[in-house]
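Trainee: Protein sequences appear in the order of chains A and B. Numbering-wise, the first sequence is residues 1 to 114 according to the working numbering. Numbering-wise, the second sequence is residues 1001 to 1114 according to the working numbering.
It should be emphasised that the hints constitute simulated quantities derived from the structure, not laboratory data. For clarity, every value in this text was computed on a predicted model and none was experimentally measured. Backbone N, C-alpha and C define an ideal beta-carbon position, used for all residues, glycine too.
Taking beta-carbon pairs under 10 Å as the criterion, some of the chain B residues facing chain A (in silico):
id	residue
1	G1043
2	P1044
3	K1101
4	T1103
Covered stretches of chain A, going by a simulated chain B footprint (3 or more residues, C-beta under 8 Å):
id	stretch
5	36 to 46
6	101 to 114
Non-contacting residues of chain B with respect to chain A, defined by C-beta distances greater than 12 Å in every case (computed):
id	residue
7	D1055
8	F1065
9	A1070
10	Q1111
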Amino acid sequence: ETGVTQSPTHLIKTRGQQVTLRCSSQSGHNTVSWYQQALGQGPQFIFQYYREEENGRGNFPPRFSGLQFPNYSSELNVNALELDDSALYLCASSFGGTGNSPLHFGNGTRLTVT
Amino acid sequence: DQQVKQNSPSLSVQEGRISILNCDYTNSMFDYFLWYKKYPAEGPTFLISISSIKDKNEDGRFTVFLNKSAKHLSLHIVPSQPGDSAVYFCAASANTGTASKLTFGTGTRLQVTL
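This is chain A alone, in the form it adopts within the complex:
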């Protein structure tokens, strides 16, 4: 069974730039969620994709957007990067777009905005 994989592992960008982070979900999972973890904080929900559509969003501005592909992999795009966007970005997959089920996380992408 293949777990959740994320790329790249580390990234350094300049304020104002755009970034794309990638995630391959665990085999058998059809739902992908993205979380942002700032230093010293718990992960915060950005959004979730199910059947290639966004089906839930946290308190993040529209410059955070995503995609889910037919093979259930996903991208997180962030436009007009700000210094506060520096964080660990975690992708998680699960089965089923609703209800309660454990999320399985990847190791994250560490984004630094300078």
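Once you've looked at the hints, dock chain B against the given chain A.
Mentor: The following block gives chain B in isolation, referenced to the frame of chain A:
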């Protein structure tokens, strides 16, 4: 507004003893609770969960207790082992029929000493 709180940033326990990690929540809509363990440079790993219809769930050395009236849950690890040293996150979700969004606490760093 912190809906899930872990008031102890750190905890040190001797090997073989019991570790008790605590978590409080404020949102009465939460009906599913999870504990995740996180090692440095890795994503959170699912440990154990409990539904609001139960007050206890056990899995090997790990037991989670839920007190709904107090809006409090705890994770017991018995016996504690050095490999348990990690950051533990409490998380909660509400089954709203849409995205399975997890709300995390800020984590408790557990150090198991020899």
